[in-house]
Amino acid sequence: MENYLAFEEPIKVIDDEILKVREVEENSGVDSSKLIKDLEKKKTQTIKDIFKALTPWQRVQLSRHPDRPYSLDYINALTEGNFVELHGDRNVKDDKAMVGGFGQLNGKTVMFVGQQKGINTKMRQFRNFGMPNPEGYRKALRLFKLAEKFNIPIVTLIDTPGAFPGLEAEERGQGEAIARNIYEMMRLKVPVICVIIGEGASGGALGIGVGDKVVMLENSWYSVISPENCSTILWRSWDYKEQAADALKLTSTDMKGLKIVDDVIKEPIGGAHRHREEIFASVKDYLIKNIERLQKLDPEKRTAKRHEKFIEMGEYKGR
Amino acid sequence: MVWFKRSKDGITTSTADKKETPEGLWYKCPTCKTVISRDDHAENLYVCATCNHHERLSSDEYFAILFDEDKYTEIAKGLYSADPLKFNDTKPYPARVKATQEKTGLKDAIKVAHGKVNGETLVVAAMDFKFIGGSLGSVMGEKIARGIDKAIALKSPFMIISKSGGARMMEAGLSLMQMAKVSAKLSQLSDAKLPYISFLTDPTTGGVTASFAMLGDINISEPNALIAFAGPRIVKETIGRDLPKGFQKAEFVLEHGFLDFIVERKDLKEKIGQSLVMFKG
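From first to last, the protein sequence lines are chains F and L.
By UniProt numbering, the letter at position 258 of the first sequence is numbered 258, and the numbering carries on one by one without gaps.
By UniProt numbering, the letter at position 108 of the second sequence is numbered 108, and the numbering carries on one by one without gaps.
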């Protein structure tokens with residue numbers, strides 16, 4: 001069962017029509033291939049029209065599309081199933097909102113770490129909606145250090161509405177866990193590539209988001225706060241989320257323009273959720289190429305460059 | 001039927017004989033409501049003598065407490081906010097900054113200075129909560145970065161006095177990146193083997209807690225300071241029940257292992273001075 005966002009409604013209308021024609025064709029035996037072909041053509045055009053002028057808020061909605069591939073989908077596709085998932089922070093528990101482990105990418109081992117969302121109500125709860133607790137960040141750090149020890153490059157997949165703001169999370173030091181990760185990621189002696197595949201909300205995203213290359217998928221978002229929460233704080237109501245999405249400059253194009261991310265990976269027209277194999281292929285290409293490039297650099301220089309990149313960030317006036 | 005009766009007249013002072021009480025001569029503690037003269041309150045380092053409530057201080061007031069003979073040199077004084085995102089909510093960002101500058105007499109939410117503490121050189125970056133909630137933006141990130149450069153140049157320890165609601169929303173992605181920027185600078189400070197003292201004062205929350213405030217070689221705080229990643233209101237909404245007493249207060253955070261010690265304001269200078277000597281080995 002496909003899901004449609006409100007602005008994807010015209011696509012649904014055509015899809016329903018195609019389904020109906022197919023049904024009639026099956027029951028009556030009348031050849032409707034011409035009609036279906038026309039409808040398919042119309043659909044392609046409709047998708048093109050909708051996707052050529054997406055607003056920031058529409059991209060935020062796309063980043064949360066229930067059919068959009070999640071971290072484990074990427075990992076399984078990229079490694080062709082050659083993946084060993086590793087669990088636990090060796091301290092408190094295993095955080096289901098943060099997954100990670102060894103995988104083979106193009107014949108070489110890579111450490112994958114990412115936030116994981118669920119595909120249905122039960123799984124969404126199991127994954128805590130992709131909102132890690134401190135032990136999730138500490139599990140991530142454990143895997144980063146493990147990768148560093150064996151000189152294995154790291155790929156993180158970012159997809160979170162934020163770090164979990166719960167009572168136990170505060171008791172166990174959510175702030176410290178994220179802070180430690182940011183600091184330690186800056187110093188890792190192996191190549192680190194961070195890919196924002198869906199939602200990149202604030203510290204919860206940055207907690208696995210410090211890398212030599214930080215790259216966004218075209219229809220993902222990355223900012224200091226979600227448009228809804230920004231709207232609540234600045235306009236005291238959720239109704240201004242579209243304005244907030246504009247104001248925050250959270251799209252991949254804006255973030256690249258601000259030099260906060262290094263690259264944008266284009267999504268096929270219609271979005272990653274309609275073309276899973278294509279987006280997996282694009283991400284795989286990007287990773288293989290960039291890991292190879294980064295591995296050529298001297299580790300000390302690579303880490304120093306990573307420091308410099310983040311130190312350069314920010315705009316101010318005066319002296 | 002009344003059960004008491006006024007036996008004397010009410011206020012008998014004639015208007016002409018009334019004495020004016022100047023504004024701000026008295027301080028009323030917001031916690032225990034004790035009233036004390038402003039002078040005595042300042043003498044007591046803005047701590048209530050009755051209930052030990054630590055009033056929030058400005059950067060200048062902390063500099064005055066810490067630095068010997070109140071002598072220090074401020075650096076990167078002239079930095080102020082740009083408007084990279086052309087951010088406009090109910091007011092354009094530059095107008096908001098300008099209004100706050102005029103109201104507070106400050107350029108941004110942090111000041112950085114170096115001087116001597118009990119004879120030991122120290123670079124201190126101290127936040128001002130009254131400037132847009134002590135929010136972390138590009139200016140704060142850059143000022144801390146220059147403070148760390150100064151510490152490395154002087155081979156001196158570095159201290160941040162945090163007092164912040166978190167990242168500055170009007171700089172969105174750029175303010176988020178300041179968390180990474182300061183961490184990168186702290187990493188350089190660490191490579192130079194120079195100590196970093198993080199002093200978390202009321203309140204320290206959000207992106208500041210989730211980055212440099214929690215990264216001190218020692219993390220210290222003042223009594224009863226609020227220290228949180230997600231603020232109490234958000235946590236309460238998330239869990240849907242009341243929070244335990246003292247939740248997210250310095251004592252709670254110490255108990256859970258994220259602070260080294262809590263220091264009374266009257267002991268602050270002495271304790272920092274002592275720590276600086278310890279780091280020297």
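Treat the hints with care, as some may be off.
Only pairs whose alpha carbons sit at most 25 Å apart, straight line, appear in this in silico DSS-like list of lysine-lysine [to be verified]: (1) Lys145/F / Lys317/F; (2) Lys98/L / Lys317/F; (3) Lys305/F / Lys130/L; (4) Lys116/L / Lys77/L; (5) Lys145/F / Lys193/L; (6) Lys236/L / Lys305/F; (7) Lys193/L / Lys317/F; (8) Lys149/F / Lys98/L; (9) Lys116/L / Lys317/F; (10) Lys18/L / Lys93/F; (11) Lys98/L / Lys305/F; (12) Lys130/L / Lys122/F; (13) Lys98/L / Lys130/L; (14) Lys317/F / Lys103/L; (15) Lys236/L / Lys301/F; (16) Lys284/F / Lys296/F; (17) Lys189/F / Lys130/L.
Derived by calculation from the structure, the hints in this document are not laboratory data.
Exercise. For which of the previously enumerated hints does the structure constitute a violation, in increasing order of number?
Worked result: Of the numbered hints, 1, 3, 6, 7, 8, 9, 10, 11, 12, 15 and 17 do not hold.
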